[in-house]
Every structure is written in C-alpha cells, then in structure tokens.
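J.: In case you want the letters, here they are:
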Amino acid sequence: MKYLYLGMTGVTGLLLIFGSLDMPAIGDPNSPASRHVSSRYIERGFAETDVPNMVTAILADYRSFDTLGETTVIFTAAVAVLLILRTGRKRG
Amino acid sequence: MIVEQESILVKTLCRLLVPFIQLFGLYVIMHGHSSPGGGFQGGVILGSSFILLTIASGIDEVKRRFSLVALTNLTSAGVILYAGIGVVCLLLGANYLDYGILPVVTPRSVGMLGIEVAVGITVMAAIVSIFHDLITFE
Numbered sequence: 105m106k107y108l109y110l111g112m113t114g115v116t117g118l119l120l121i122f123g124s125l126d127m128p129a130i131g132d133p134n135s136p137a138s139r140h141v142s143s144r145y146i147e148r149g150f151a152e153t154d155v156p157n158m159v160t161a162i163l164a165d166y167r168s169f170d171t172l173g174e175t176t177v178i179f180t181a182a183v184a185v186l187l188i189l190r191t192g193r194k195r196g
Numbered sequence: 103m104i105v106e107q108e109s110i111l112v113k114t115l116c117r118l119l120v121p122f123i124q125l126f127g128l129y130v131i132m133h134g135h136s137s138p139g140g141g142f143q144g145g146v147i148l149g150s151s152f153i154l155l156t157i158a159s160g161i162d163e164v165k166r167r168f169s170l171v172a173l174t175n176l177t178s179a180g181v182i183l184y185a186g187i188g189v190v191c192l193l194l195g196a197n198y199l200d201y202g203i204l205p206v207v208t209p210r211s212v213g214m215l216g217i218e219v220a221v222g223i224t225v226m227a228a229i230v231s232i233f234h235d236l237i238t239f240e
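Protein chains in written order, with the working numbering: chain A, 105 to 196; chain B, 103 to 240.
Please note that the accuracy of each hint is not assured.
[Claimed, not checked] Label-pair distances were calculated between CB atoms; the ranges are: (1) A:Thr113 / B:Thr114: 51 to 57 Å; (2) B:Leu128 / A:Leu125: 45 to 51 Å; (3) B:Lys165 / A:Arg148: 46 to 52 Å; (4) B:Pro205 / A:Gly117: 33 to 39 Å; (5) B:Ser137 / A:Glu147: 28 to 34 Å; (6) B:Val189 / A:Ile188: 27 to 33 Å; (7) B:Met132 / A:Leu108: 55 to 61 Å.
Hints are computed from structural coordinates only; laboratory data are not their basis.
Keep in mind that this is a model prediction, so the values were computed, not measured.
Glycine included, C-beta positions come from ideal geometry on N, C-alpha and C.
Just chain B, same shape as in the assembly:
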C-alpha cells in the first residue's frame, strides 16, 4: 500500500514535474505520425505521470482528482472512439477504417491522428487503472 509521502521536497518536485511529463506525453501522441512516437508510447508517458503523482501524494489525493470509475470509462472510451472512426468511414461509403473518405484536408493523416489519440486514451487509462487496482488490493 502506498501511504502519503512525508518529505516536502519529494511532494513539491513531483508536483512540478507532472505537468511537464503530461505535456511531453501529449506531444508524443500528437506527433506520432511525423516523428517517432504514437498512441502507445504517449499513453504510457501520460499514465506514468499519474503513477508518479500517486507515489508522491498518496492514492487518496489522486482519487479526488481522477476517480477510478472515470478511469474505467476512459479505458472503454478509447476503444469505442477507435472503432467509431472505423464506423464513420463505413457510413461515408468506404471500407472499415479506410480514412481516405473523411471530409478533411489530408484525410489519412487526420484519421491516423484520431486513432493515435484513441489508443493513447486507452493505454493511459488502462495503466493507471491496473496500478490503482494493484496497490489498493488487500
């Protein structure tokens, strides 16, 4: 079980670090189609920022900001968003997950960005959810 950290140095440093880690995670997801990275890697970075916050501030602090139910819902929401993009392509008259039909500029690039975001949401929520389940289990 992870209890609240006593040291003010650890708490303050982790609070300072977490926004930068999350910003980097978002960068890795959004630049997945033009540089190394993508949904899986960015999702893990985003999830690790919440795990760091849990280790530093204790689970109750994190649960107040980000409930377990919301995490479970986000895990499913990512998969639904991914499959939904495929269904949108179907409804517009193309094959499943064939982004070429989307009505935007460079549709394939935008479709890939959409599924990278979906993968990122699922990976982030799954990792944090598994971590919380493991450390709260008695």
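Chain A on its own, in the form it takes in the complex:
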C-alpha cells in the first residue's frame, strides 16, 4: 500500500512538472496574463484613481469586491476560533 501511495505521488508530481513546461517565461510581455487588463492598470491607473501605488489601486479599487471577500475570510477565521475555543470556562 505504501508503494501505491508513493507511485501515485510520483506520477502526480511528474504530471505537474510536465504541465509547467508549457508555461510562458517569467516576465514575458506576450504571455496571456500580461495582455488582458494589466496594460490598462499600468497606463491609466494613476489617471483614473489618483493613487500612486499601483498595487493598492488594483487591490482596493479595481478589485475591491475581492478584497471585501478577503476581509470576510479573516473575520470568519476569528469567529471560527472564537466558537471553538471560547467555551466560557475560566482558566486556571
């Protein structure tokens, strides 16, 4: 059974490595990810948002609904820990 798991892990790893061979080079300006909306963020981000920090302009303006979700995830984590651990018993 141990060798079956080892074989499955190895095959999955090889498949992942095989899949990564087709990825565009890092920083390639013609890769699909760089041709869609990135150029608009870089060229017109400051004019549209008055914010010099491009990362914040994307995170808090163009993608602010996504950031609302991230904040809710943090809130949910705190509430989950609270529900599991805050049992009302006094320590000591």
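Chain B: place on chain A using the hints.
T.: Coordinates of chain B only, in the frame set by chain A:
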C-alpha cells in the same frame, strides 16, 4: 498560559516600544495608497503591539485596557465599515464600491483610504482575538 513577567527590564522596554509600534502600524495603514503597505500589513503590526504587551504584562493587564468583547465587536465593525462604504456609493447612485461618486476631493483615493482603515481594524482585532482565545484555552 502566559503569566505575568517578573523582569522589570522586559516590562519597561515593552511598554516603551508599544506606542512606537502602534504609531508605525497607523503610518503603514494611512500611507497604504502612496507607499508599500496597506490595511492588512498595518493591521498585523497594530495587532502585534497588543500581543507584545500581552507577553510582557500578562493577559489580565491587557484585558483591563481592551476587553475581549470590544475586540470581537471591532472585528465585525471593520467588515461592516467596508461594506458600508460600498452601500454609501450605491445610495449616491454609482455601482457597489465605485468610489468615484463620493463628494470629496480625489474621491477614489479617499474611498481606498476608508477601506484600508476598515481592513486594518478587522485584521488587528481578529489577530488579537485569536491570540487571546488560544492562550486562555484550557
């Protein structure tokens, strides 16, 4: 469990450090839209100052200044403030979280600052709340 620290050096140094850490955390939040930083990073720095105070002075000292109920309320208040800014944009006639309609100078910048502050409040309160729950659990 974290008990009160005996060493006067540790206690005094942490008390001296905490205001500067909090000031730096506020700086990171407020300058999130013009320099590296933002609500998540600044919130973590603010939260770490309360954790340092807990380690140095013991949990009871910190609880006297900042109750667990207030922390839980702040965690929700940040999310509500964030969603509220979106609703304000809706009421003024724009899309949800479309800050361009806010009646201030450079509205998009101000809207981003508002949500950075909201994110900072949530992250700070969540981290301190999780830390307190973990160290008081028996």
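J.: With reference to the structure, classify each hint as holding or not holding.
T.: Evaluated hints:
{"no.": "1", "hint": "A:Thr113 / B:Thr114: 51 to 57 Å", "result": "holds (53 Å)"}
{"no.": "2", "hint": "B:Leu128 / A:Leu125: 45 to 51 Å", "result": "holds (47 Å)"}
{"no.": "3", "hint": "B:Lys165 / A:Arg148: 46 to 52 Å", "result": "holds (49 Å)"}
{"no.": "4", "hint": "B:Pro205 / A:Gly117: 33 to 39 Å", "result": "violated (56 Å)"}
{"no.": "5", "hint": "B:Ser137 / A:Glu147: 28 to 34 Å", "result": "violated (21 Å)"}
{"no.": "6", "hint": "B:Val189 / A:Ile188: 27 to 33 Å", "result": "holds (31 Å)"}
{"no.": "7", "hint": "B:Met132 / A:Leu108: 55 to 61 Å", "result": "holds (56 Å)"}
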